[in-house]
Amino acid sequence: MSLKRWLYIPVILIVLGLLQWACSALLLDGPIRQGPYYYQILILAGINIILAVSLNLTNGVAGQFSIGHAGFFAVGAYVAACISVYGGPGIHSLLGFMPGDAQGAALLVLAMIGGVLAAALAGLVVGIPSLRLRGDYLAIVTLGFGEIIRVLILNIEAVGGARGFIGIPKLSNFFWVFGGVVAAILIIRNLTRSGYGRALLSIREDEIAAQAMGIPVTRYKVMAFVISAAFAGMAGALFGHFTMYLHTNSFTFVKSFEIIIMIALGGLGSLSGAVLGAIVITVLPELFREFSEYRMVIYSLALILIMIFRPQGLLGNASLLGRKRGGK
Amino acid sequence: MHAFLQQIINGISLGSIYALVALGYTMVYGVMRLINFAHGDVYMLGAFFGYYSSRVLHGKLQSSLIETILVMIVSMLGCALIGMLIERLAYRPVRKASRLTSLIIAIGLSLLIENLAQLIFGADPKFFPQLIPEKQIALGGLSLTNQQIIVVVVALLLMAGLNAFVFYTKSGKAMRAVSFNLDAAKLMGINTNAVISLTFALGSALAAAGGILVSMNLPGIDPLMGVMTGLKAFVAAVLGGIGNIFGAVLGGLILGLAETFVAGYGSSTYRDAIAFLILIAILLFKPEGLLGKGQVEKV
Chain A
1125 MSLKRWLYIP
1135 VILIVLGLLQ
1145 WACSALLLDG
1155 PIRQGPYYYQ
1165 ILILAGINII
1175 LAVSLNLTNG
1185 VAGQFSIGHA
1195 GFFAVGAYVA
1205 ACISVYGGPG
1215 IHSLLGFMPG
1225 DAQGAALLVL
1235 AMIGGVLAAA
1245 LAGLVVGIPS
1255 LRLRGDYLAI
1265 VTLGFGEIIR
1275 VLILNIEAVG
1285 GARGFIGIPK
1295 LSNFFWVFGG
1305 VVAAILIIRN
1315 LTRSGYGRAL
1325 LSIREDEIAA
1335 QAMGIPVTRY
1345 KVMAFVISAA
1355 FAGMAGALFG
1365 HFTMYLHTNS
1375 FTFVKSFEII
1385 IMIALGGLGS
1395 LSGAVLGAIV
1405 ITVLPELFRE
1415 FSEYRMVIYS
1425 LALILIMIFR
1435 PQGLLGNASL
1445 LGRKRGGK
Chain B
210 MHAFLQQIIN
220 GISLGSIYAL
230 VALGYTMVYG
240 VMRLINFAHG
250 DVYMLGAFFG
260 YYSSRVLHGK
270 LQSSLIETIL
280 VMIVSMLGCA
290 LIGMLIERLA
300 YRPVRKASRL
310 TSLIIAIGLS
320 LLIENLAQLI
330 FGADPKFFPQ
340 LIPEKQIALG
350 GLSLTNQQII
360 VVVVALLLMA
370 GLNAFVFYTK
380 SGKAMRAVSF
390 NLDAAKLMGI
400 NTNAVISLTF
410 ALGSALAAAG
420 GILVSMNLPG
430 IDPLMGVMTG
440 LKAFVAAVLG
450 GIGNIFGAVL
460 GGLILGLAET
470 FVAGYGSSTY
480 RDAIAFLILI
490 AILLFKPEGL
500 LGKGQVEKV
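Chains as they are written, first to last, in the working numbering: chain A, 1125 to 1452; chain B, 210 to 508.
Hints in this document: simulated from the structure, not taken from any laboratory.
We treat Cβ as the ideally placed atom computed from N, Cα and C, and that holds for glycine.
Accuracy of the hints is not assured; some may be wrong.
[What the hints assert, rightly or not] Residues from chain A that keep clear of chain B, each with C-beta distances beyond 10 Å, as calculated:
1) SER1254
2) ARG1256
3) ASN1279
4) LEU1325
5) ARG1413
6) SER1424
[What the hints assert, rightly or not] Cβ pair distances, simulated, as ranges:
7) GLY1319(A) with ALA403(B): 17 to 27 Å
8) GLY1220(A) with GLY475(B): 16 to 26 Å
9) ILE217(B) with ARG1434(A): 49 to 59 Å
10) PRO1223(A) with LEU427(B): 39 to 49 Å
11) ALA332(B) with PRO1253(A): 32 to 42 Å
12) ILE1332(A) with VAL362(B): 40 to 50 Å
13) GLN1158(A) with ILE282(B): 24 to 34 Å
14) ASP1330(A) with ARG301(B): 35 to 45 Å
15) GLY331(B) with GLY1319(A): 51 to 61 Å
16) ARG304(B) with LEU1310(A): 53 to 63 Å
17) PRO1253(A) with PRO302(B): 47 to 57 Å
18) ARG304(B) with GLN1335(A): 25 to 35 Å
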């Protein structure tokens, strides 16, 4: 039984590897015109899925409305990029015995670990003071922290400051990004279904009642926040090593809002909704390129209408990955 | 010393703008317990209404003072209408829903207004006409502009007017009653919908005034000018104690001074961060704000 439960990991890895091979054969070097363009959308959708699924843990499951997710995304991206840019040569010479691809993979893994840890730490630092607050105040404080993180990065010359951070090696690809997607979805899905997840749900429904039941509310909220920030950091690490260039303009609160729109679209608290929302928000603007100036107008109007007429989101609490969960 | 006094003057001038915008946040929060994120964008709309109405009116009137007053009134009325529309169409349908719902709607509204404004007005900055020609006034070595004085005087007049309205009229009394307890006010026969509409109208009109006053000193106006000012005015409202009218004024002035000092003596890139630092500090140490009253949470 226990062996069987872990069997899915190699299966997933093999499937991802096959898909990666298919991607490079078909899209990158293959017969499909505009293949690289589709590939890029695919990767960005993957990164957005990680962001949406992770934010869904704090905003949807735990009900703690954070609008500073882009800040943790930025921390992960910049720290990971620093590791591979400044630590890259050293690691390459250390791993000189390996083939080039394996060296790159090892470097990416190291950078991702660094980015995840840094973002988790940032989440802890931001979360402990902010999560004493509720509702609107929490929203504004997380927005403030997100902006402070951005302004701080903007003032660090070692990461390019206002010019942007260039020269990041292109290490992430379909395999890593979607490996990250699978990891994020599985871990967060299992978390929400564990006792810990139930406790978070109860905090969302009624904080005082949850406390009265003996749930250490603040600690659980901070934990959710830290996990969510860690996955945002992973998304950032993957993002930086795909675009090869980072600028703080990608991490403004507009990005945070975009992630919120993704999860609100799919239904706050619904995991499959977050995935769907992320895909829709990534793909739709590409389909309607000629209307790109109307993009944000449509987004925001859709957000308002959804919240007025269908506040549970398009999917609500229905989950594509299993039985329907209880809830509001 | 001169530099110091100069910074104080600039800070007060900036702070009175924040105070005007913060009043709208505080009033709406007072009656509805809602952060109207779109408020900063109403301030932007105020500046644009002012811009277009002054283009229409320019040269048609003898006195630039009358022109300024007319521009101001048109813009304030326009924004009051917008504020009431926002409340009626977006917030009223979800008043009974959870606060998270209205918060997300507020964010959506803010994005909607910004992006519609970019489509309609264009994203490039526009030069706001000099309604009143700028004059330098030397005051014992300090340099003041007449516009800074106008900003502070008009802001003070409007705040005094608001104060008189809230504390000495029947509608003001109704507003205070609604802010104290909406359900009880309803039971006492107060038309709460009308009061909430009125609150949005008043707050939006003040924001419009702030938008015009600030634009007279700015090189240009653009559809995103309300984003940062709106957030900072919200910080000012929280700093003073949200829901408290005097608190909003006090918070606005403190924030204006803090910003000019950081920009003057530190680095101007950190200027936008100081507001958030203040916000975080106040929420951690005195979450009810400087003048606010603490609330006990009831189950």
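Structure-based check of all given hints:
{"no.": "1", "hint": "SER1254", "result": "violated, 8 Å"}
{"no.": "2", "hint": "ARG1256", "result": "violated, 8 Å"}
{"no.": "3", "hint": "ASN1279", "result": "violated, 6 Å"}
{"no.": "4", "hint": "LEU1325", "result": "holds, 14 Å"}
{"no.": "5", "hint": "ARG1413", "result": "holds, 16 Å"}
{"no.": "6", "hint": "SER1424", "result": "violated, 4 Å"}
{"no.": "7", "hint": "GLY1319(A) with ALA403(B): 17 to 27 Å", "result": "violated, 49 Å"}
{"no.": "8", "hint": "GLY1220(A) with GLY475(B): 16 to 26 Å", "result": "violated, 47 Å"}
{"no.": "9", "hint": "ILE217(B) with ARG1434(A): 49 to 59 Å", "result": "holds, 52 Å"}
{"no.": "10", "hint": "PRO1223(A) with LEU427(B): 39 to 49 Å", "result": "violated, 59 Å"}
{"no.": "11", "hint": "ALA332(B) with PRO1253(A): 32 to 42 Å", "result": "holds, 36 Å"}
{"no.": "12", "hint": "ILE1332(A) with VAL362(B): 40 to 50 Å", "result": "holds, 48 Å"}
{"no.": "13", "hint": "GLN1158(A) with ILE282(B): 24 to 34 Å", "result": "violated, 55 Å"}
{"no.": "14", "hint": "ASP1330(A) with ARG301(B): 35 to 45 Å", "result": "violated, 26 Å"}
{"no.": "15", "hint": "GLY331(B) with GLY1319(A): 51 to 61 Å", "result": "holds, 55 Å"}
{"no.": "16", "hint": "ARG304(B) with LEU1310(A): 53 to 63 Å", "result": "violated, 39 Å"}
{"no.": "17", "hint": "PRO1253(A) with PRO302(B): 47 to 57 Å", "result": "violated, 35 Å"}
{"no.": "18", "hint": "ARG304(B) with GLN1335(A): 25 to 35 Å", "result": "holds, 28 Å"}
Of the numbered hints listed earlier, those contradicted by the structure are 1, 2, 3, 6, 7, 8, 10, 13, 14, 16, 17.
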